[in-house]
Each structure stands twice: as structure tokens, then as C-alpha cells.
Amino acid sequence: MSLLAVEDLHVHFASRGLDNQLRVARALNGVSFEVEEGEVLGLVGETGAGKSLTALALLGLLQPPALVAGGRIRFEGRELAALASGARDHVRGTRLTMIPQSPHTSLDPLTRVGDQLVRMQREHRRLSKAEAWRRAGEMLAEVRIPAPEQRLRAWPHELSGGMAQRVLIAMALVNQPRLVIADEPTTGLDVTVQAEVLDTLRELVRAHGMSAIVITHDLGIVAHYCDRIAVMFAGIIVEQGPTRAVFREQRHPYTRALIASTPKRIAERGFAHVGGTPPDLYALPAGCLYRDRCVQAADICVQPPLNMRFNQGHAALCHFAAER
Amino acid sequence: MILEGRNLVKRFGNVHAVNGVDITVAAGEAVGLVGESGSGKSTIGMLVTRLLPATAGSIRFDGRDITALPEAEMRALRAKLQIVFQDPWGALNPRMRISRALEEPLLLHTQLQASERASRVKELAQKVHLPPAVLERFPNELSGGQLQRVCIARALATQPKLIVLDEPTSSLDLSVRAGILQLLDEIRRTSGVAILFISHDLDTVELVTDRVLVLYLGNVVEQGATREIFARPAHPYTQTLLSANLPPDPEAKLARHPVIGETPSPIDLPPGCAFASRCPVAIPACREARPPAMPLGEAHSAACIRIAEGANVLAS
Numbered sequence: 046m047s048l049l050a051v052e053d054l055h056v057h058f059a060s061r062g063l064d065n066q067l068r069v070a071r072a073l074n075g076v077s078f079e080v081e082e083g084e085v086l087g088l089v090g091e092t093g094a095g096k097s098l099t100a101l102a103l104l105g106l107l108q109p110p111a112l113v114a115g116g117r118i119r120f121e122g123r124e125l126a127a128l129a130s131g132a133r134d135h136v137r138g139t140r141l142t143m144i145p146q147s148p149h150t151s152l153d154p155l156t157r158v159g160d161q162l163v164r165m166q167r168e169h170r171r172l173s174k175a176e177a178w179r180r181a182g183e184m185l186a187e188v189r190i191p192a193p194e195q196r197l198r199a200w201p202h203e204l205s206g207g208m209a210q211r212v213l214i215a216m217a218l219v220n221q222p223r224l225v226i227a228d229e230p231t232t233g234l235d236v237t238v239q240a241e242v243l244d245t246l247r248e249l250v251r252a253h254g255m256s257a258i259v260i261t262h263d264l265g266i267v268a269h270y271c272d273r274i275a276v277m278f279a280g281i282i283v284e285q286g287p288t289r290a291v292f293r294e295q296r297h298p299y300t301r302a303l304i305a306s307t308p309k310r311i312a313e314r315g316f317a318h319v320g321g322t323p324p325d326l327y328a329l330p331a332g333c334l335y336r337d338r339c340v341q342a343a344d345i346c347v348q349p350p351l352n353m354r355f356n357q358g359h360a361a362l363c364h365f366a367a368e369r
Numbered sequence: 249m250i251l252e253g254r255n256l257v258k259r260f261g262n263v264h265a266v267n268g269v270d271i272t273v274a275a276g277e278a279v280g281l282v283g284e285s286g287s288g289k290s291t292i293g294m295l296v297t298r299l300l301p302a303t304a305g306s307i308r309f310d311g312r313d314i315t316a317l318p319e320a321e322m323r324a325l326r327a328k329l330q331i332v333f334q335d336p337w338g339a340l341n342p343r344m345r346i347s348r349a350l351e352e353p354l355l356l357h358t359q360l361q362a363s364e365r366a367s368r369v370k371e372l373a374q375k376v377h378l379p380p381a382v383l384e385r386f387p388n389e390l391s392g393g394q395l396q397r398v399c400i401a402r403a404l405a406t407q408p409k410l411i412v413l414d415e416p417t418s419s420l421d422l423s424v425r426a427g428i429l430q431l432l433d434e435i436r437r438t439s440g441v442a443i444l445f446i447s448h449d450l451d452t453v454e455l456v457t458d459r460v461l462v463l464y465l466g467n468v469v470e471q472g473a474t475r476e477i478f479a480r481p482a483h484p485y486t487q488t489l490l491s492a493n494l495p496p497d498p499e500a501k502l503a504r505h506p507v508i509g510e511t512p513s514p515i516d517l518p519p520g521c522a523f524a525s526r527c528p529v530a531i532p533a534c535r536e537a538r539p540p541a542m543p544l545g546e547a548h549s550a551a552c553i554r555i556a557e558g559a560n561v562l563a564s
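For the record, the sequence lines run as chains G and B.
With the first letter of the first sequence counted as 1, position 57 gets the number 102 in my numbering; the numbers rise by one all the way through.
With the first letter of the second sequence counted as 1, position 33 gets the number 281 in my numbering; the numbers rise by one all the way through.
Worth flagging that the hints you see were computed from the coordinates, not collected in a lab.
Errors might be hidden in some of the hints.
Claimed, not checked - Quick look at which bits of chain G chain B covers, simulated, 3 or more residues with Cβ under 8 Å:
1. 232-243
2. 251-265
3. 286-292
4. 307-317
Quick caveat: nothing in here was measured; it's all calculated off a predicted structure.
For glycine and all other residues, C-beta sits at the position ideal for the given N, C-alpha and C.
Please work from the sequences and hints to get the whole structure.
What follows is the structure, given as C-alpha cells:
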């Protein structure tokens with residue numbers, strides 16, 4: 046059984062327009078994927094594809110007007126939606142945690158780093174302050190912050206971007222979760238710092254046998270740090286599979302276009318015509334959501350595509366996925 | 249040379265942002281400025297366009313010394329020296345229709361009649377592949393990629409000789425970014441405009457530029473032909489930087505050179521090589537005096553004294 050199994054997840058945003066008509070934006074349209082024990086999944090896609098929204102839905106952090114309109118999220122064998130809010134709080138924070146993006150706005154500016162780590166532990170476990178403080182120091186050492194004992198007393202504004210991101214990793218991991226969701230964990234960090242932070246994250250995930258979902262738009266991060274990749278477009282996963290298999294052979298035209306638009310590929314093979322606007326979430330077309338941008342679109346694409354399955358869990362949502 | 253900056257220095261209070269940088273851009277050339285945050289790359293873009301006054305040094309543009317040119321004369325010159333910023337949402341007046349935003353430089357810098365301006369605006373939109381309907385819209389009705397195309401069209405309106413592009417694709421999605429890069433490529437081939445391309449994205453710089461300057465804490469640590477630098481980086485910092493790049497290919501082998509410690513503060517810069525405190529091959533002499541640029545080949549040089557003994561190459 047998978048650690049996490051998401052099945053046909055739908056999230057809608059409901060609002061009233063100026064004419065008082067109810068308008069529904071269909072932001073997630075049947076997201077299904079699984080994360081196995083010890084696996085790192087990379088979730089990629091363009092702005093508005095629903096990557097962060099998927100994370101928020103997993104954590105049960107959606108606020109109106111967003112609502113889960115359908116689907117199931119099973120984590121460690123339990124249906125998350127069925128849990129009482131107290132039990133869900135406990136899962137979120139001890140079993141399932143998140144590393145948010147933008148390190149500096151995610152730390153409490155008025156609390157010392159050590160106290161934030163203590164708070165995180167004592168919220169969820171019976172533990173003396175001294176014990177939690179000691180564990181906080183160990184955790185800072187684990188995320189390779191130099192002079193951890195002194196850094197416990199630091200204020201967030203005294204930290205560099207890379208250091209602040211390491212503190213957030215420490216906070217997400219201090220309660221030894223089974224699954225950590227990292228939402229753009231290195232966006233805004235310098236290249237050299239990014240590599241170090243990702244190395245640290247990977248080492249810790251491996252050392253503690255955790256699983257991770259890394260949300261990113263950087264295909265380089267997926268290529269080198271993720272075991273599997275899931276590509277999102279307009280609130281649905283259009284292709285997923287083992288990273289190497291997907292980079293070797295893309296089964297969905299959107300994945301193909303995405304990889305073709307990296308500067309490295311452009312340098313090798315020239316410009317491919319890609320791009321275009323995402324579909325209107327208030328008026329999604331029937332059939333394949335990508336068809337207006339697709340170079341391969343044909344008459345059949347007005348029918349909803351089936352999820353075609355290939356080796357090793359490689360799957361793509363395209364009528365033509367089986368063609369080479 | 250279309251642009252020639254000599255010994256450029258910029259201080260913000262006691263922050264040493266740019267510390268004696270020489271930079272040249274030839275007509276039609278695309279030069280890249282790469283470096284991490286705090287390396288001074290954006291500041292240099294602001295200095296050479298005279299959007300910020302230099303603390304010291306000189307700037308020549310199109311054969312003229314513009315270091316201390318009065319603002320009134322500078323204004324006329326700006327037609328030929330344009331800049332495109334990172335954030336297209338912030339760079340356009342939200343209350344101005346796109347047609348008006350494109351017309352404005354023509355009003356400022358040309359004697360064209362209204363009807364000529366209107367047709368020129370249409371041409372510009374076409375040049376950057378914007379549908380004509382976009383011209384009647386306001387910025388909030390456009391996507392990020394479309395807005396950046398407007399900014400590029402606006403920069404092109406007065407047929408400049410040099411465009412400074414400061415992280416023009418950093419805020420855009422991958423597929424949109426590819427479209428902008430393709431547009432820049434087209435513009436270079438058709439108009440012959442020179443480009444100063446500022447970016448922290450190494451893959452993009454490698455794709456777009458002919459020549460590249462690598463910056464660290466306000467100093468040029470290495471420069472040369474883009475192909476040469478990416479193939480044979482000589483300065484330990486360039487080697488470290490390039491090794492941290494993650495190519496979008498899981499089969500690509502990474503040979504990471506770890507970085508030691510943190511970047512020194514630009515308030516209290518060390519006297520010698522700014523990278524010495526983090527450099528695995530530094531020797532005491534590195535900390536004593538600022539290293540001179542050592543020639544490595546045609547127009548390729550790196551500011552590292554260890555090159556002389558061949559000890560600059562990091563073990564992988």
C-alpha cells in the first residue's frame with residue numbers, strides 16, 4: 046500500500062460575479078497520484094496548474110472560496126477527510142509536514158529560531174522545554190547550520206536566505222514526519238546555495254526513510270533530485286512516471302513541449318513552437334484540456350482522453366500516448 | 249565599441265556594490281552578466297544606463313563620454329540606450345493602454361505624425377508577435393509573457409543601439425520564457441541591436457550571449473567567449489557556480505564543487521581576492537592583494553593568481 050494515494054481530487058473556487066451569478070473555477074480536475082515509502086516525487090507545471098493547490102488540499106489547508114469538490118486522499122491507510130479536526134491537526138505537523146516557499150516570510154519574525162522549533166515540537170508532543178531545546182539544536186546541526194547552539198538564539202532577520210530555508214527544513218522535519226511537501230523549496234536562492242540546500246534535504250529524507258513531494262517549475266531539480274515526476278496542466282496530471290523514463294521519452298505533448306523549452310534543449314535542437322495561455326478555469330472545454338495548445342490535436346481530442354499506462358507506472362493522459 | 253565602462257565603482261553608503269569593473273559591448277554583440285545575488289550585476293546595468301550615478305569610473309556610449317552628461321542631453325540619448333526590467337507587471341503604467349505605452353517613446357523621441365506613430369505602433373506589436381487586439385487593452389488584461397513582449401517592443405520603438413535586459417525571463421514560466429528567448433534571438437538577427445543580458449540563469453545566458461562576464465561581490469572574476477567559459481571555466485568561483493547548475497537531464501553527470509562558508513559582507517570586503525575565504529585552492533598570497541586578470545587565451549581572462557602555477561582547477 047502506498048504511503049499517500051490521491052484519487053480523482055477535485056477542487057473548485059466558487060464565487061459570485063458582479064451579476065450575482067455563481068461562478069465556479071475548476072482548479073483541480075481529477076488529480077490522481079501515489080507516493081511510495083522512501084520516494085521523492087517532483088510535481089511540475091506552469092503557474093496556475095494547481096501544484097500548490099494540490100499541496101494545500103493534501104494538508105487540509107484550503108480556505109473558502111476553495112473547496113474540495115470530490116476525490117479521496119488516503120495517507121498511511123487513513124482517509125484524511127474523515128478525520129476529526131484535532132486528529133487532522135496531529136497528522137499535519139507530525140506525520141505530514143510542509144516546507145513553505147519564501148523563507149523569510151514563513152518564519153515568525155518576533156520569535157527566536159530555537160523557540161520556533163520548540164513550539165513546533167510541544168504543539169504536538171509532551172516534551173519538556175529543555176528537551177525540546179536540545180532536540181532543536183540537534184535538528185539545526187542535521188540541516189548543517191554551523192554553530193547550531195548559537196543559531197538557536199538567532200532572530201530570523203539575522204539569517205541569510207539559505208540559512209532561513211534550512212531552518213524551515215528543520216521545522217518541517219523536527220517531528221519526524223513520514224511525508225514532507227516542499228513547495229518551491231529553493232526559489233529565490235542562489236544557484237550554489239540551492240544545490241547545498243537540496244543536497245541536505247535529500248540526505249535527510251534518505252537517512253530517515255521519509256518520502257517527499259517537491260513542487261517546482263525547475264526541471265533541473267526534478268531531473269537530479271526526484272525519483273518520479275508528475276506533470277500538471279490545468280489542474281490535472283497529464284503525465285507521470287519514473288524521472289529517467291519520462292525524460293527519455295515523453296508520452297504527453299505538454300511534457301514534450303515543456304522539456305523542449307529548456308534553454309539546454311533549445312541550444313541543441315533550436316526553438317520549438319510552444320506556449321500559449323492556459324484554458325479558462327471558469328469554462329473548461331470538454332475533452333482534453335490541452336488540445337487548444339497541442340500540436341498533435343485531432344478530432345478525437347474533444348473526447349476525454351484515457352490515462353494510458355506503460356511500464357513502471359509511466360502513464361499519460363493523451364489519446365496518442367501509445368504512438369511514437 | 250557601443251558601450252565602454254571603465255573602472256566602474258558604486259557604493260551605497262558603506263556597501264561596496266561594484267568595485268572597479270571594466271565592461272565593453274561591441275555593436276550587435278550580446279554580452280552576459282552572471283553572478284549571484286549581491287554580485288552587482290543589476291547595479292552595473294543601472295550604472296551603464298545612467299539610472300544610477302557611478303561613484304567613480306567612466307562610461308562611454310556610442311563614442312561619447314556620458315559619465316557626467318547633463319540629464320537633458322542624456323534624455324535624448326536614451327532613445328538609443330534602452331532597458332527592459334525583470335518585472336513586466338511593475339514596468340508598465342497600469343492606466344495606460346498598450347498602444348499608448350508603445351507610442352510614448354515615439355512621442356518623446358521622434359517627430360512622427362499621429363498617423364505615422366499609429367502605424368509604427370502596429371509594426372512594433374507585430375514584430376514582437378502580439379495580436380493587434382492587445383493594443384487596445386490595459387496591462388492587467390495581459391499575461392506575463394505578453395507584458396514582457398510589450399516591454400521589449402517599447403524598448404525597440406526608437407531603434408536603440410543597445411538594450412540592457414535585466415533578468416527579462418526570470419518571472420516567467422518555462423514555456424513562456426522560451427517564447428521570449430526566441431523573440432530576442434529574432435530581434436538580434438533582424439535589427440542587429442547589441443544586448444547586455446543580466447541573469448542568474450546560467451542555461452539562459454549560455455543560450456543567449458556571445459561573451460560573458462562572471463561577477464562575484466562587485467568584481468569581474470572571469471570573462472571570455474560564452475562557449476569557452478562554459479567549457480573551460482578557470483576561476484574557482486566560476487567552476488563552483490557552473491558545477492551547481494542542474495541541467496534538465498537526469499543522465500547528465502554532476503561534478504559538484506561544494507562551497508565553503510558564506511559570502512563575505514559587501515560592507516567589509518577583504519583586501520585580497522573576494523572569493524579567497526571560500527576557495528579550496530586559496531593560498532595566503534590570495535588574501536593580500538586583489539588578483540589581476542590573468543590572460544588565458546583570446547579575450548578569455550580570470551582574476552586568479554593560482555592560474556600561473558596551474559593550481560586553479562578544482563578537483564572533482
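Coverage assertion for the stretch 232-243 of chain G with respect to chain B, Cβ distance below 8 Å, three residues required: With 7 residues close enough to chain B, the hint holds.
Assertion that chain B covers the stretch 286-292 of chain G - criterion: three or more residues, beta-carbon distance below 8 Å: With 3 residues close enough to chain B, the hint holds.
Cβ contact check, 8 Å cutoff: the stretch 307-317 of chain G against chain B, three residues minimum: holds (count 8)
Residues of the stretch 251-265 of chain G with Cβ under 8 Å from chain B, three needed, outcome: Since 4 is at least three, the answer is holds.
Violated hints: none; the structure is consistent with every hint.
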